[in-house]
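K.L.:
Line by line, the protein sequences are chains U and D. If you read the first sequence in this note's numbering, its first letter stands for residue 1, the second for the next number, and so on. If you read the second sequence in this note's numbering, its first letter stands for residue 1, the second for the next number, and so on.
Quick caveat, the hints were computed from the structure, so don't treat them as lab data. It cannot be assumed that every hint is accurate.
Where chains are identical, the list cannot tell them apart; a pair therefore holds if satisfied intra-copy or between any two copies.
[Unchecked claim] Cut-off 25 Å, straight-line C-alpha distance, at most; resulting in silico cross-link-like pairs (DMTMM-like, lysine to aspartate or glutamate):
1. K4 with D311
2. K237 with D76
3. K237 with E18
4. K17 with D288
5. K113 with E307
6. K237 with E171
7. K113 with D148
8. K4 with E321
9. K17 with E234
10. K4 with D148
11. K113 with D160
12. K4 with E197
13. K17 with D147
14. K17 with E230
15. K19 with E197
16. K19 with E259
17. K113 with D76
2 protein chains.
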Amino acid sequence: MDYKSAGVDISSADAAKEKIKHLARATFNPGVLSEIGAFGGMFRPDLSRYEEPVLVASTDGVGTKIRVAVMAGIHDTVGYDLVAHCVNDILVQGAVPLFFLDYVALGRMDADKVAAIVSGFARACTEFGCPLIGGETAEMPGTYAADDYDLAGFIVGVVDRSRALPQGVREGDVLVGLPSAGLHTNGYSLGRKVLFETLGHGVDTHVPELGTTVGRALLAPHRSYLAALEPLIERRKVRALVHITGGGFQGNIPRVLPEGLGARVRRSAWQVPPLFRLIQSGGEVSDDEMFRTFNMGVGMIVVVAPEDLHDVEHSLERRGEGSFVLGNVIAGEGVVIE
Amino acid sequence: MDYKSAGVDISSADAAKEKIKHLARATFNPGVLSEIGAFGGMFRPDLSRYEEPVLVASTDGVGTKIRVAVMAGIHDTVGYDLVAHCVNDILVQGAVPLFFLDYVALGRMDADKVAAIVSGFARACTEFGCPLIGGETAEMPGTYAADDYDLAGFIVGVVDRSRALPQGVREGDVLVGLPSAGLHTNGYSLGRKVLFETLGHGVDTHVPELGTTVGRALLAPHRSYLAALEPLIERRKVRALVHITGGGFQGNIPRVLPEGLGARVRRSAWQVPPLFRLIQSGGEVSDDEMFRTFNMGVGMIVVVAPEDLHDVEHSLERRGEGSFVLGNVIAGEGVVIE
Numbered sequence: 001m002d003y004k005s006a007g008v009d010i011s012s013a014d015a016a017k018e019k020i021k022h023l024a025r026a027t028f029n030p031g032v033l034s035e036i037g038a039f040g041g042m043f044r045p046d047l048s049r050y051e052e053p054v055l056v057a058s059t060d061g062v063g064t065k066i067r068v069a070v071m072a073g074i075h076d077t078v079g080y081d082l083v084a085h086c087v088n089d090i091l092v093q094g095a096v097p098l099f100f101l102d103y104v105a106l107g108r109m110d111a112d113k114v115a116a117i118v119s120g121f122a123r124a125c126t127e128f129g130c131p132l133i134g135g136e137t138a139e140m141p142g143t144y145a146a147d148d149y150d151l152a153g154f155i156v157g158v159v160d161r162s163r164a165l166p167q168g169v170r171e172g173d174v175l176v177g178l179p180s181a182g183l184h185t186n187g188y189s190l191g192r193k194v195l196f197e198t199l200g201h202g203v204d205t206h207v208p209e210l211g212t213t214v215g216r217a218l219l220a221p222h223r224s225y226l227a228a229l230e231p232l233i234e235r236r237k238v239r240a241l242v243h244i245t246g247g248g249f250q251g252n253i254p255r256v257l258p259e260g261l262g263a264r265v266r267r268s269a270w271q272v273p274p275l276f277r278l279i280q281s282g283g284e285v286s287d288d289e290m291f292r293t294f295n296m297g298v299g300m301i302v303v304v305a306p307e308d309l310h311d312v313e314h315s316l317e318r319r320g321e322g323s324f325v326l327g328n329v330i331a332g333e334g335v336v337i338e
Numbered sequence: 001m002d003y004k005s006a007g008v009d010i011s012s013a014d015a016a017k018e019k020i021k022h023l024a025r026a027t028f029n030p031g032v033l034s035e036i037g038a039f040g041g042m043f044r045p046d047l048s049r050y051e052e053p054v055l056v057a058s059t060d061g062v063g064t065k066i067r068v069a070v071m072a073g074i075h076d077t078v079g080y081d082l083v084a085h086c087v088n089d090i091l092v093q094g095a096v097p098l099f100f101l102d103y104v105a106l107g108r109m110d111a112d113k114v115a116a117i118v119s120g121f122a123r124a125c126t127e128f129g130c131p132l133i134g135g136e137t138a139e140m141p142g143t144y145a146a147d148d149y150d151l152a153g154f155i156v157g158v159v160d161r162s163r164a165l166p167q168g169v170r171e172g173d174v175l176v177g178l179p180s181a182g183l184h185t186n187g188y189s190l191g192r193k194v195l196f197e198t199l200g201h202g203v204d205t206h207v208p209e210l211g212t213t214v215g216r217a218l219l220a221p222h223r224s225y226l227a228a229l230e231p232l233i234e235r236r237k238v239r240a241l242v243h244i245t246g247g248g249f250q251g252n253i254p255r256v257l258p259e260g261l262g263a264r265v266r267r268s269a270w271q272v273p274p275l276f277r278l279i280q281s282g283g284e285v286s287d288d289e290m291f292r293t294f295n296m297g298v299g300m301i302v303v304v305a306p307e308d309l310h311d312v313e314h315s316l317e318r319r320g321e322g323s324f325v326l327g328n329v330i331a332g333e334g335v336v337i338e
């Protein structure tokens with residue numbers, strides 16, 4: 001007996017590694033000191049412009065968005081989702097990315113599939129200036145079905161301690177919403193259940209109000225707000241950022257509010273995109289549950305001082321970033337959606 | 001319809017988060033600036049004693065060792081395995097740990113199971129001085145069976161650039177082996193197939209030559225060699241370290257050898273532990289395949305200059321670490337096992 005007959009094919013893994021090596025190397029910047037294939041990735045951060053550099057690290061997955069990728073046979077977007085998600089998660093602490101690592105676990109090693117997945121990581125890593133310095137690709141027959149897989153991403157960034165967010169949030173601050181591109185990476189278990197089971201759609205079903213197929217609408221990549229927000233953070237125009245991920249509005253907004261403060265969100269401030277409306281009506285999902293599960297078209301909320309609002313809106317507009325004032329910080333607690 | 005009926009239970013996730021918070025906080029050291037629950041974990045490294053600090057990052061999983069944990073219903077050891085594995089992976093670059101993050105994905109959220117898993121992470125993080133500053137717990141019905149799960153770990157450490165390993169490996173250097181505690185985290189797909197399918201054992205089968213049950217033998221935790229090796233690295237007595245993981249001897253030893261050098265390993269230098277012999281005989285696995293898949297009782301190989309051998313052996317002995325000279329660096333290429 002050998003390892004291959006037990007379901008683990010090391011030579012197929014080696015083929016995958018070769019492909020990954022080329023993709024990853026294209027994301028490198030001068031901070032990267034190691035070659036792919038070392039036990040650990042080596043990165044020399046340029047900390048000269050920081051008074052008191054603090055490392056900010058985060059990890060995440062893309063949840064069951066992967067199920068949609070598997071159904072649609074499209075594997076080169078979920079990696080992008082994951083990097084964008086991670087970049088946003090440290091951006092809300094005020095940090096910019098240093099490097100990224102990926103974990104890919106599959107039921108059966110497939111060098112082409114792995115290359116497609118990693119190409120998604122690499123595309124995002126290049127876009128966000130965040131080299132892919134390491135990763136693990138694991139073949140795990142028994143845990144995953146042969147054509148199934150899971151991903152985890154890991155990011156490290158840096159922020160000067162005195163500039164870490166949130167900072168100075170107070171009553172009356174304005175909540176500015178930035179549009180999401182779709183479900184991003186949250187709520188897919190509920191979304192899939194409604195769209196595929198209740199409504200009986202397939203990934204290839206073209207839905208007129210979506211203007212595309214269900215599969216493509218669900219796979220729309222998670223947006224990163226790094227480019228739009230980094231200049232504003234630099235100029236200290238941001239008091240807090242809320243990445244609307246798992247837990248939705250009610251779960252995430254309170255994470256940046258000091259004791260004694262809550263938030264009021266006006267539903268009429270923006271148009272909830274068709275995909276969310278389709279899920280809500282198809283599944284008869286309550287408003288409360290929708291806002292607790294999905295981003296509802298708002299990928300990031302920027303908390304700004306009222307006196308900075310005009311400046312912030314102008315800066316976002318110049319970068320082509322849509323925005324809308326969707327509420328305020330209020331005395332009290334929790335999130336009121338009205 | 002709501003998120004829970006789609007298989008995702010946010011309140012159960014909240015219960016798990018509370019348990020995680022306490023476990024993680026116990027691992028904190030003064031470098032940790034964030035509370036658990038922030039979007040990203042914040043860590044202020046003390047870099048004052050480094051001339052040119054380089055961050056070393058690595059990610060890994062525990063492979064299908066998790067299948068054994070699920071079969072045995074023992075969930076508080078695989079997290080330890082993962083941290084130990086990651087600590088070793090950056091140690092071989094000469095780096096000591098700064099912090100760790102975990103990714104846990106389950107078929108069904110179970111706060112007690114998550115707490116057991118995270119207690120394994122926390123125990124190892126405390127032992128290795130490597131705070132658990134963040135993580136993600138994802139409920140993914142459909143990807144994982146209800147009682148199944150997968151783990152990924154991410155570690156960041158630091159090394160002075162001029163001290164990064166490997167460094168100066170040359171012909172004639174001595175390979176010193178350090179004993180493993182079992183399979184560590186590699187070869188479980190093959191090991192499980194032979195033990196559970198070919199030999200028909202269960203996790204509770206007591207096997208006399210193992211001196212314990214198959215489950216306990218397979219779940220023996222991955223050893224970290226940080227405590228044994230850090231003093232030797234500090235004193236520049238180590239030229240290279242080889243962590244024997246996926247790919248075994250043939251896959252890992254060449255990773256630290258310069259072009260034109262190979263390694264000779266003498267099988268008679270140590271006693272291959274009973275668990276490996278049982279798998280080899282039970283599965284009629286070739287010698288070559290065994291050394292390519294398993295650590296064969298050698299968790300780490302230390303490459304030392306001949307003139308430092310006595311010093312290294314003495315230092316290891318004083319720390320209670322067993323060791324054996326198992327071979328040499330030779331002219332040529334590849335790994336000769338004789």
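K.L.:
Would you mind marking each hint as holding or not holding in the structure?
P.N.:
The hints, checked one at a time:
Taking identical chains as interchangeable, the C-alpha atoms of K4 and D311 are never at most 25 Å apart, the minima being 61 Å within one chain and 42 Å between chains. In this assembly of identical chains, K237 and D76 lie within 25 Å of each other by CA distance neither inside one copy nor across copies; the values are 35 Å within and 45 Å between. Taking the shortest Cα distances, K237 and E18 never come within 25 Å of each other, neither inside one copy (44 Å) nor across copies (33 Å). Taking CA atoms no more than 25 Å apart as the test, K17 paired with D288 passes between copies only; the shortest distance there is 22 Å, against 45 Å inside one copy.
Taking CA atoms no more than 25 Å apart as the test, K113 paired with E307 passes in neither setting, with 50 Å inside one copy and 49 Å between copies. In this assembly of identical chains, K237 and E171 lie within 25 Å of each other by CA distance solely inside one copy; the values are 16 Å within and 59 Å between copies. For a Cα distance limit of 25 Å, the shortest separation of K113 from D148 qualifies both inside one copy, at 10 Å, and across copies, at 24 Å. Neither within a single protomer nor between protomers do K4 and E321 lie at most 25 Å apart by alpha-carbon distance, with minima of 50 Å and 34 Å respectively.
In this assembly of identical chains, K17 and E234 lie within 25 Å of each other by CA distance neither inside one copy nor across copies; the values are 38 Å within and 33 Å between. Taking the shortest Cα distances, K4 and D148 sit within 25 Å of each other both inside one copy (19 Å) and across copies (23 Å). Proximity of K113 to D160 under the C-alpha cut-off of 25 Å is found in neither arrangement, the shortest distances being 39 Å within a copy and 37 Å between copies. In the homo-oligomer, the alpha carbons of K4 and E197 lie at most 25 Å apart only across protomers (15 Å), although the nearest pairing inside one protomer, at 37 Å, exceeds that limit.
For a Cα distance limit of 25 Å, the shortest separation of K17 from D147 inside one copy, 19 Å, qualifies, whereas the shortest one across copies, 31 Å, does not. Taking the shortest alpha-carbon separations for K17 and E230, neither the intra-copy value of 34 Å nor the inter-copy value of 30 Å comes in at or below 25 Å. In this homomeric assembly, K19 and E197 never come within 25 Å of each other (Cα to Cα): the closest approach is 37 Å inside a single copy and 34 Å across copies. When the C-alpha separation of K19 and E259 is checked against a cutoff of 25 Å, the pair qualifies only between copies, where the shortest distance is 22 Å, while the shortest distance within a copy is 50 Å.
Proximity of K113 to D76 under the C-alpha cut-off of 25 Å is restricted to the intra-copy arrangement: shortest distance 8 Å within a copy versus 33 Å between copies.
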